[in-house]
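Asks: Protein chains in written order, with the numbering used here: chain A, 4 to 300; chain B, 36 to 569.
Please note that the accuracy of each hint is not assured.
Straight line, CA to CA, 20 Å or less: simulated EDC-like cross-link-like pairs of lysine to aspartate or glutamate [what the hints assert, rightly or not]:
1. A:K19 / B:D358
2. B:K251 / B:D358
3. B:K231 / B:E185
4. A:K241 / B:E527
5. B:K48 / A:D192
6. B:K154 / B:E250
7. B:K231 / B:D216
8. B:K104 / A:D202
9. B:K251 / B:E392
10. B:K365 / A:D202
11. B:K218 / B:D173
12. B:K48 / A:D198
13. B:K154 / B:D279
14. A:K208 / A:D198
15. A:K263 / B:E392
16. A:K241 / B:D139
17. A:K196 / B:E392
18. A:K92 / A:E244
19. B:K45 / A:D202
20. B:K251 / B:E288
21. B:K312 / B:E153
22. B:K48 / A:E193
23. B:K251 / B:D173
24. B:K45 / A:D198
25. A:K181 / A:E193
26. B:K364 / A:D287
27. B:K231 / B:D173
28. B:K48 / A:D287
29. B:K145 / B:E41
The hints are simulated quantities; they were obtained by calculation from the structure and are not laboratory data.
Here the structure is a predicted model, which is why all the values come from computation and not from measurement.
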Amino acid sequence: MSEQNKANKKPRSMSKQRRLGIVIRWIIAVFLIFFSIFPLLWIISASVNPTGTLATARLIPKNPGFQNFKNLIGNPTFPFFRWFWNSAKITTITTVLTLSLTTMAAYAFSRFRFTGRTTMLKAILLIQVFPNLLSIVALFLILTQFGTIIPAIGLNTHLGLIIVYLGGAMGMNIWLMKGYMDTIPREIDESAKVDGATDWQIFWKLILPLLRPILVVIGILSFIGTYGDFIVARTLLKTTELYTIMVGLQIYTSGMFSQKWGIFAAGALISALPIMVIYLVLQDQIVGGLTQGAVKG
Amino acid sequence: MDSNRERLTKAVKNFQFEITTILRVALLVIVDFGLLWFIAQLTINGFYVLAVILLIILVFNTFVFLAPKAYPLRWMAIGLSALILFAIFPILYTTYVAFTNYGDGHLLTKVQAIEQIEKELYLPEEGRSFEWIAYRSDGGEYLLWIIDAEGNTNLVRQSEANYEDYILPVIAGEFGIGELDDKGAPVSIDGFRRLKSIEAAIDTQLTNIKFGDPEKTIQIRSTNEAAELLPRYIYSADEDSFTDQVTGVVYFENQGTFQSEQGRTIAPGFRANVGFKNFVSFLKSPALRGPLAIIVSWNFAFAFLSVFLTFSLGLAISILYGDPNFPGKKILRSLLIIPYTIPSLITILIWRGILNENIGIVNTVLRNLFNFAPAWTTNRWWARAAILIVNLWLGYPYFMLVTSGALQSIPSDIYEAAEVDGARGWAKFWHITLPLLLVAVGPLLIASFIFNFNNFNLIYVFIGGGPPIPGASTRAGYTDILISYVYNLAFEGGRGVNYGFASAISIVIFILIALMSLAQFKFTNMWEEVSENV
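Build the full structure now, drawing on both the sequences and the hints.
Replies: What follows is the structure in structure tokens.
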């Protein structure tokens with residue numbers, strides 16, 4: 004009898020306790036969410052606040068409107084769309100080239116056996132440990148010297164910036180890509196080889212179509228990384244019209260920041276949105292790629 | 036029939052093979068020639084190090100595309116070239132620069148520096164001298180009429196401007212020259228006004244202007260005399276020294292500068308090897324050592340606290356909401372991950388506005404509620420606190436994601452066994468969850484430490500390393516970390532850039548990172564062993 008009572012009582016008190024726990028945890032969660040999204044809310048509200056300065060910023064602005072967004076167009080001190088276009092161009096070209104270089108190199112690492120293979124793989128991983136920010140002086144000097152002979156790939160050019168980015172194209176990406184390729188059975192290419200296919204045909208027609216998921220992950224990671232890069236672009240680009248969006252935003256905010264808060268907010272929101280959307284839609288793939296990469300690194 | 040077909044396909048294949056081989060070799064030859072031209076140009080300009088590395092890349096690629104043995108490397112030749120040029124070479128080059136004096140005052144090669152010093156002129160006591168009359172235009176341009184001892188006259192233009200001829204004959208009617216007076220000097224020149232001697236005497240600019248052929252300029256020495264300038268320093272290749280023609284002092288080459296026995300130097304200096312001077316100088320010089328000690332200790336504290344705080348909050352969140360049945364779990368995760376989804380540079384700038392000392396929202400609220408406003412940018416401790424808060428915001432979602440994955444991978448029977456042994460709540464966390472978790476995410480913690488150790492963007496964009504450390508001989512602030520200090524040295528030094536010194540500190544950071552990575556790799560092995568055992 005008493006035992007039955009106990010058995011009856013336990014689940015009920017547990018669920019009561021559980022409900023209480025959920026309530027407490029949601030109360031904590033509200034604070035966390037506030038902390039997490041406050042800057043975003045703040046920038047959204049600033050972007051639609053017609054007064055446009057930091058001093059007059061409110062979480063819920065009076066007379067909200069799109070004046071700040073309109074001011075972004077044709078603004079000579081803040082050529083926002085020019086910078087946005089520069090970023091889009093540089094990032095897209097870098098990402099496409101990164102994917103091409105990485106995929107082909109990973110194919111060789113995955114499918115061929117040659118001397119120095121594992122040593123090279125390890126070396127590539129090791130070099131990647133050092134951020135290119137550390138050798139920024141050297142990168143700066145290299146491009147300066149390039150530029151004295153061929154100005155098109157020198158300092159203050161988009162082409163120069165892209166080739167510098169390509170130095171970091173291999174590295175972690177190779178490991179991710181090779182790991183994925185290793186899971187594709189080699190019987191596929193062996194049977195194609197019997198039918199007389201060349202390596203290139205096997206790579207292009209058989210393997211590449213199977214790589215779509217990992218191409219998406221590496222592509223997005225590379226895109227986000229390049230898009231968000233600040234310091235390399237900041238050091239290598241000098242002319243206002245050539246800035247990427249990140250450099251432009253930083254330079255724009257370096258003087259009289261608080262007076263230009265509204266227009267900055269509008270620009271910041273537009274620049275952040277594409278990446279935010281990509282992240283939230285594809286969060287599982289990205290997180291998988293990131294943590295996997297980090298664990299191996 | 037069949038064998039015919041086979042032979043045919045074989046022939047087609049051979050043909051294809053030959054075509055691709057020819058194309059490959061042709062392309063290689065074109066690329067090689069382009070690169071060779073580039074390397075030659077680099078050599079002419081004195082960029083020997085870069086020329087050598089490109090030559091290595093050229094040889095490597097030529098070998099790879101010709102030798103059948105190197106076939107697999109063809110698939111990665113471009114990527115490897117980029118890696119060598121922009122990842123490996125910069126590290127080596129940084130090392131090289133660390134042992135030189137490269138920087139302001141030492142930007143040139145020795146040959147260029149000698150050329151430049153040889154161009155320096157002086158006004159000798161003797162030498163070819165002239166009588167002169169000056170003419171000035173409304174735009175402030177000058178012409179000089181000169182007559183030498185033999186009575187030859189000329190009209191001379193300014194050396195700074197670009198002309199085909201600097202020295203003109205004095206013929207009435209040409210170049211807008213009007214009538215000549217009895218000495219042979221033009222009374223008037225179109226667009227110019229002849230200066231009276233008193234006007235010329237009080238014109239302060241006139242004596243500083245160089246006239247005539249830039250190689251052999253003429254300058255006004257006194258009201259009635261102009262003279263040809265002579266090179267001031269004469270170089271002797273045998274002794275590798277310059278002799279000052281005015282004072283007779285001899286300057287010998289010393290670590291990239293021409294220096295006299297009294298310690299006087301001639302500018303410009305040139306790039307030269309200075310051994311360990313850069314490394315020694317921050318240990319010796321108190322003006323450098325003081326800030327560096329502050330920067331290094333804050334650098335470690337910042338990295339450690341950042342990892343500790345972000346990891347703790349991330350872990351707390353994944354434990355609190357780890358229950359798969361927690362209502363609204365999915366939406367909660369999407370909301371809490373938001374800091375991670377915005378490019379960090381943008382959010383750092385936003386935080387700069389939020390934490391603005393005078394009119395930011397945080398201080399406005401604090402002032403209204405508690406009549407208290409922390410000096411987020413001018414007080415060193417508040418500035419450091421602000422940086423840690425922003426970094427906590429930036430970093431916790433990563434550890435939230437990582438630890439929630441790792442927590443799920445801890446087998447539940449371990450907990451059951453512990454419960455049988457009487458472990459409860461905290462004890463379970465301290466003795467089971469945390470140790471197992473630390474083993475799993477240990478490498479990530481080290482990676483995060485390395486990342487934050489070099490978290491340049493946050494420091495530089497949020498606060499620019501400020502507030503400044505008083506008495507520092509170079510630009511340095513209380514929130515500066517090594518890498519931002521290096522950046523200031525190399526690119527934003529108000530008192531001149533110093534690539535050599537910046538590179539020396541970079542090398543120190545390289546070594547620190549290498550040591551940390553070593554720990555990380557060890558950790559990874561340990562982790563693999565542990566997971567094999569489970």
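Asks: The structure should be examined with respect to each hint, and the outcome stated for every one.
Replies: For each hint, the structure was consulted:
no.: 1; hint: A:K19 / B:D358; in the structure: holds (16 Å)
no.: 2; hint: B:K251 / B:D358; in the structure: violated (87 Å)
no.: 3; hint: B:K231 / B:E185; in the structure: violated (24 Å)
no.: 4; hint: A:K241 / B:E527; in the structure: holds (14 Å)
no.: 5; hint: B:K48 / A:D192; in the structure: holds (19 Å)
no.: 6; hint: B:K154 / B:E250; in the structure: holds (8 Å)
no.: 7; hint: B:K231 / B:D216; in the structure: holds (14 Å)
no.: 8; hint: B:K104 / A:D202; in the structure: holds (15 Å)
no.: 9; hint: B:K251 / B:E392; in the structure: violated (60 Å)
no.: 10; hint: B:K365 / A:D202; in the structure: violated (45 Å)
no.: 11; hint: B:K218 / B:D173; in the structure: violated (25 Å)
no.: 12; hint: B:K48 / A:D198; in the structure: holds (13 Å)
no.: 13; hint: B:K154 / B:D279; in the structure: holds (13 Å)
no.: 14; hint: A:K208 / A:D198; in the structure: holds (14 Å)
no.: 15; hint: A:K263 / B:E392; in the structure: holds (17 Å)
no.: 16; hint: A:K241 / B:D139; in the structure: holds (19 Å)
no.: 17; hint: A:K196 / B:E392; in the structure: violated (69 Å)
no.: 18; hint: A:K92 / A:E244; in the structure: holds (14 Å)
no.: 19; hint: B:K45 / A:D202; in the structure: holds (17 Å)
no.: 20; hint: B:K251 / B:E288; in the structure: violated (27 Å)
no.: 21; hint: B:K312 / B:E153; in the structure: violated (28 Å)
no.: 22; hint: B:K48 / A:E193; in the structure: holds (19 Å)
no.: 23; hint: B:K251 / B:D173; in the structure: violated (27 Å)
no.: 24; hint: B:K45 / A:D198; in the structure: holds (13 Å)
no.: 25; hint: A:K181 / A:E193; in the structure: holds (18 Å)
no.: 26; hint: B:K364 / A:D287; in the structure: holds (15 Å)
no.: 27; hint: B:K231 / B:D173; in the structure: holds (15 Å)
no.: 28; hint: B:K48 / A:D287; in the structure: violated (46 Å)
no.: 29; hint: B:K145 / B:E41; in the structure: violated (68 Å)
When held up to the earlier numbered hints, the structure conflicts with 2, 3, 9, 10, 11, 17, 20, 21, 23, 28, 29 and fits the remainder.
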